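Undergrad: One letter stands for each residue in the lines below.
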Amino acid sequence: MKGRSLYLDGVTVVFDGFRALNNLSLVVEPGELRAIIGPNGAGKTTMMDVITGKTRPTSGTVRFGDMDLTRLDEPTIANLGIGRKFQKPTVFDDLTVFENIELALKAPRGPIACIKWHLTGEAADRIGQVMTEVGLVERAHDPAGILSHGQRQWLEIGMLLAQDPELLLVDEPVAGMTDAETEHTAAMLVGIAGKRSVVVVEHDLEFVRALGRRVTVLHEGSVLSEGSIDHVQNDPRVIEVYLGR
Amino acid sequence: MSIALTAPPPSRMRLGIRTGLIIAVLLLAALPILNMLPRDSAFHVSDFIVSVTGKWICYAVLALSLDLAWGYAGILSLGHGAFFALGGYAMGMHLMRLIGPRGAYGHPVLPDFMVFLGYTELPWFWHGFQSFPYAMLMVMLVPGALALVVGFLAFRSRITGVYLSILTQAMTYALMLAFFRNDMGFGGNNGFTDFKELLGMPLGTPSARAVLFYASLVLLVGSMLLCAALTRTKYGRVLTAIRDAESRARFLGYDTTRHKLFAFVLSAMLAGLAGALYVPQVGIINPGEFSPGNSIEAVIWVAVGGRGTLVGALLGAFSVNALKTWLTSAAPDLWLFALGGLFVAVTLFLPRGLIGLFDRVKKGRGA
Amino acid sequence: MRFLLVLLLLLAPLTGRAQDAFSDALPGLGGGFAQQAEATDRLGALGDPRAVPILRALSDGRLLKRPDGTLLIREGDRVTEVATGAAADPAGAEPLRINNRVRQALRGALGRLSLVSPDPAERLAAAEAVFRSRSVENIPLLEAALARETLSRVRERLELALAASRMASPDEAAKRAGIAALGETSSAEARGILLEARATNPALAGEIDAAIASIDRRLTIRHAFETLFQGLSLGSVLLLAALGLAVTFGVMGVINMAHGEFVMLGAYTTFVMQEALRDIPGLAPWSLPLSVPAAFLVAAACGAALERGLIRHLYGRPLETLLLTFGVGMMIQQAVRLGFGAQNREVSSPPWMQGTLELPLGVMVTQNRLWILVFSLAVLGLTVAAIRFTRFGLEMRAVTQNRRIASAMGIRTGRVDALTFAFGSGIAGIAGVALSQIDNVSPNLGTGYIIDSFMVVVFGGVGSLAGTLVGAMTLGVVNKMLEPFAGVVLAKVFVLVAIMFFIQRRPRGLFALKGRAAEQ
Amino acid sequence: MTRPTLTRRAALAGLGAALTAPAIRPSMAQSAPIKIGVLHSLSGTMAISETALRDTVLMMVEYQNSKGGLLGRRLEAVVVDPASNWPLFAEKARELLQVHKVDVTFGCWTSVSRKSVLPVFEELNGMLFYPVQYEGEEESRNIFYTGAAPNQQAIPAVEYLMSADGGGAQRIVLLGTDYVYPRTTNRILRGFLNSKGIGNADIMEEYTPFGHSDWQGIVTRVKAFANQGKKTAIVSTINGDANVPFYRELGNQGIKAEDIPCVAFSVGEEELAGIDTRPLVGHLAAWNYFMSVQSPANTEFKNLWQAYIKNPRRVTNDPMEATYTGFNMWAQAVAAARTTAVDAVRTSVIGQEFAAPAGYTEKMLPNHHLSKPVMIGEVQADGQFNIVWKTPTVVPAENWSQFIPENANRRRG
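These protein sequences, in sequence, are chains A, B, C and D.
Just so it is clear: in the first sequence, position 128 is 128 by my numbering, and no numbers are missing.
Just so it is clear: in the second sequence, position 346 is 346 by my numbering, and no numbers are missing.
Just so it is clear: in the third sequence, position 112 is 112 by my numbering, and no numbers are missing.
Just so it is clear: in the fourth sequence, position 108 is 108 by my numbering, and no numbers are missing.
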């Protein structure tokens, strides 16, 4: 797979005079797994919104390969191969687990295509594979609305996998998970990286440490520090931001 | 793995509904035949019942179309009556052109209202309506085009929920005001009446009533099958997904504007067809059909029946209208209390409508 | 008729020669419409002040005629004979009826006769009446009146009346003076007089045209201001109707389709107050102001009942609330129809809300509209104050912004919800008091305002009272500006379509809350 | 027994309601009552006008029964509510005729409601008495029109305005609600005015929607139009609810009847009951009946009404009188025909004469319209009308106006 890199340069987002992102620059190479940490209000979610087209930057460039993401809307960006998992798991409650993954499965997305679409054996296999991967085979025909919190997180990750994206944006994937689940998730994300680029936003430093990759610290909308987990943990500015108040 | 490969088995509930529907359709289909029986027969059904049921069938199609937009795609249109009325007007224009020189003033081309309002020639948009295929095309195209424009602008700007409802309400209100103007060339407040024939068949005869009744029934069954088939495809699931979490669907790569637009336009066309069959049966179309209250009532039929189920829309349209027909005669001063009370009770106690009630009772029994 | 003649003959020796003409004219008042008009003209020309009470009585329907033709005059409970002044028995006497022709004559005659009245208000009215009746004979009267008159506003009117009367004079110079004086005004009536004169005086056409052009310049400005006022007035009605909705919908997110019915209840409260206070002398004139708190309370109580009884079960489901309140609206409307009847109810306007007020530049504004404009701004001010500066307002804002935290801080959110909804409904009730002054008090009153109200709130920006104000006023003014060109209906349709397009551009309205908070 | 599932029953529920309805069909006993259909809106926008007509019919039914009914049979009213909804009018008309099998129907107010039920009455050969003044241009063998045709209201009123007594108007403002009655009436009036030498430059015509409430702009424009040096008058065909705000604006902008008289064709005692009439004294209305008419028949009518309604504030008006007259003519025709059968009564109604409360003997003409007197009344401070002019004799109705040129080549029969 010929990978594309994600490239943010000088991105600024202003809401009503408040600078949610301030001249943020960041590069994620193909196949890289990048963790992003930062205190509340550091601009992590806004950064994801900008990449996925939900929010238009006030100024700056956002590119994926040679595509200018600031001109595209969410579905187009998603179809370019950028998948996103939300902080609060959002799945389609009225649909079953199977159907949720079916919708995420890479396929033509237009209305007519959806009407004509029928479940091929290949597609069913792929859905089964994803459900196995996230451990939800048993619940295939249960509506997603009745799943537990952890299962919903898994389902959403499964949907992300079914989308077969080139770049995954994962927002706090282990919030509310048990330790075992957290470990499993970390392992899985590491496994995914390499084939695809992954950006993980997380509070949980232990989890970030478990990932063991390059870390970016955001603060007040711009990059405060970048490097290995040990490097950033010893960075006085980071200590100041995390502990100083 | 096999469990994942198969689609879920149809529930007993669904089968029950299907049988019920088939019986209901057969019973409906029998009405015009029973109407032909001698008057003193115990099974004789009066013209009134046939004509009023024909009207309800058209309402049921309107409810169905609304359920597709609201129950599945989450577009609560408070202006669906406008599509219904536009379809009706297109059909009305055809019927007016068919009157020809049989009008009171004997003008070969102009309808009566144009003659006494002093028109000297037919306005341009009236041309072509003498042809039945053209009129039928317009019955679907005009509501469809309006839905396309309004829907495109609204969905593109991410106008959803309450805002969309108010917007569509304003749409039908503006149309009502516009159609009330006599200068528009649509007969103003009086609209169109005094139709003579359709497809060479004189209106107001039992056979014409039966033909229109069956045409409506065919439309109803056809729309039901279409909607049911559509909602069972992946497209139906995409609509449900959009309804429940639109932004999630967008991040999955679904261009929700296009999907909603498709459903909305289709729904508007169905409503237009319903309106087109409604007009020759009630014998009048006028701007009152655009009144916002009518559209809200249609939403209430769906809510009473149970939204997002298709069958609920039919159930609601038939039961509320039957109740209204009965009460406006049985309790002319009090029927608004009964109907208003029903709406309140259903929203409070039956959030899933009558269908939900049956469901609950059934579950209660099974347990 | 013969009897009358005999009566006149009997009376004649008792009165002098000047009084002969007076007494001769009197019986004509009891004749047919044409005779009445003629007799009135004669009495006016005589200039005898004794005619004033008689003509007033005829104008007010207090002049009675016995079957034998005797004219009687009623003053309160006292009935006297016109000719003798002796007390008389009104039994069998019928009040004399008049028509517009007689009314016109009466106005001219009374005007002429009261030019010398000691009451300045009467003189002003007289000048106005003479201006309208304009005849050559008035010229000397007006000149005499002007010589005595000291009050400038009465002088102004008298001069105008003089100018108008001069137009009827055969004297060229007098006409020229008249044209010049009329040309100085910004009065549409003066323009009418000039136009009329133009047809009969081709020699003066040039001067008349110049005078008309000069009036037209001022009239254009005046009309611009009047259109602006009318737009603001329409805006104030929209504002009143929408303000309650801006609270219940804008702040609480509840779609209340019964909002219009609360407005209607407010109007009916005004009616009930008027009837209840009708026979209480001290309070009767105050029934309208007193209706404001009463309507607020009635509508607020209904609102609170609706919220506590029904709506609170549906929070977070705005669309269901919409359907529920639609049903409630149907029931309220029918209940009022059964209780009060389907017919319109009469709510009369107090004197200070009737008539027209003349502002500088000759701009005419109707008093009731002006009051409603002022009233709507006052209600807006109070609403803003209640939300900004009271404890209740603080709690309301807290609950709106974060229900859970507000609750954790000890705010009883249920009570705040009920109060907020009652508050919004109460404002709707107040709107009903104002609408009772310009619209029908009927069960359908509210239906006509509900959609406009929603449009105002959405256009202005949900949750922003400033937006509601600007939205309402903009819609009002734009509507009135379009009206002369497009007609009433199309103007409204254009405005609706424009709003629909505007909402596409700015889904959150004029005064949108921006940023993250607004995204939810 | 196989138990049907509940869902199946659910699907049948709507249908069930439809099927049980025929069971209501009455069994014809020997002295079955004569059924009188009452088809007036009791809710919605038209309830404001139509409820009084419902009451009038009910009053007449009660009164007729107190006199021993008709043909020895009792009268029974069947009241339905078509709710100001025009298709519902057609449905209810069919229900009255087919389900309740009424012998005669009194109903409708607006033209559109009449147009909506007309095909039903023709198809099922029913009989409808329509009591409201209307635009004419219609004729149906199943409808009897007891209100005025345009020549019995509009044209005499305008003639009056142009006369010396009426003020000698030379410029006319035609204000109306935008629907067929004002449009047609104004077209007829324009033809009439042109024939009297008033050109189109001296005619202003403007239409407003139903329930229009903001009259500021229009009244201002009327004032401007009136100040062009010619005596101006307003002819109002404004309907229903819109009148109250219109007259309020007229009063507040100081338009006095002496300067610009306004004659209305749709404003009667009932409408004035909702307005403070003191500023409006002298404005006019043209009708065929006023409550203030002095005649023994009117005294009887008003007494009957008060005895029935028991509310001194409730007034009588022209459409009520037309309902009353129509009912009496129908009753006379039934008595004469000795049956309620529609065809027999139809022939027997024509030529019936009745001493109407208007103070004249009115007659049902072969064109199904009445000959009626025309009266012009001035508004008084007490909300009543002072009759300032009336025709010396009754005027026969011309439902096809001579001022509409197309009527020349109208198909007859």
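One thing to keep in mind: the hints can contain errors.
[As the list claims (entries may be wrong)] No farther apart than 25 Å at their CA atoms in a straight line, the calculated lysine to any residue pairs in the SDA-like style are these: (1) D:K223 x C:M481; (2) D:K223 x C:M353; (3) D:K230 x C:M353; (4) B:K234 x A:D125; (5) B:K196 x D:N367; (6) A:K54 x B:K196.
Since the hints were derived computationally from the structure, they do not count as laboratory data.
All figures in this text were calculated on a predicted structure; none of them were measured in a lab.
Undergrad: A separate judgement is required for each hint: does it hold in the structure or not?
TA: Checked hints:
In summary, the hint linking D:K223 to C:M481 is supported, as the alpha carbons are separated by about 18 Å, within the 25 Å threshold. Under the criterion of a C-alpha separation no larger than 25 Å, the hint pairing D:K223 with C:M353 is consistent with the structure, at around 21 Å. Pair hint D:K230 plus C:M353 does not hold up; C-alpha atoms about 31 Å apart against a cutoff of 25 Å. Distance check on the hinted pair: B:K234 and A:D125 sit about 17 Å apart at the alpha-carbon level, within 25 Å; holds.
Taking the CA atoms of B:K196 and D:N367, the gap is near 23 Å; set against the 25 Å cutoff, the hint holds. Annotation: proposed proximity of A:K54 to B:K196 is violated, straight-line Cα distance about 57 Å (limit 25 Å).
In summary, the structure is inconsistent with hints 3, 6 from the numbered list given earlier, while agreeing with the others.
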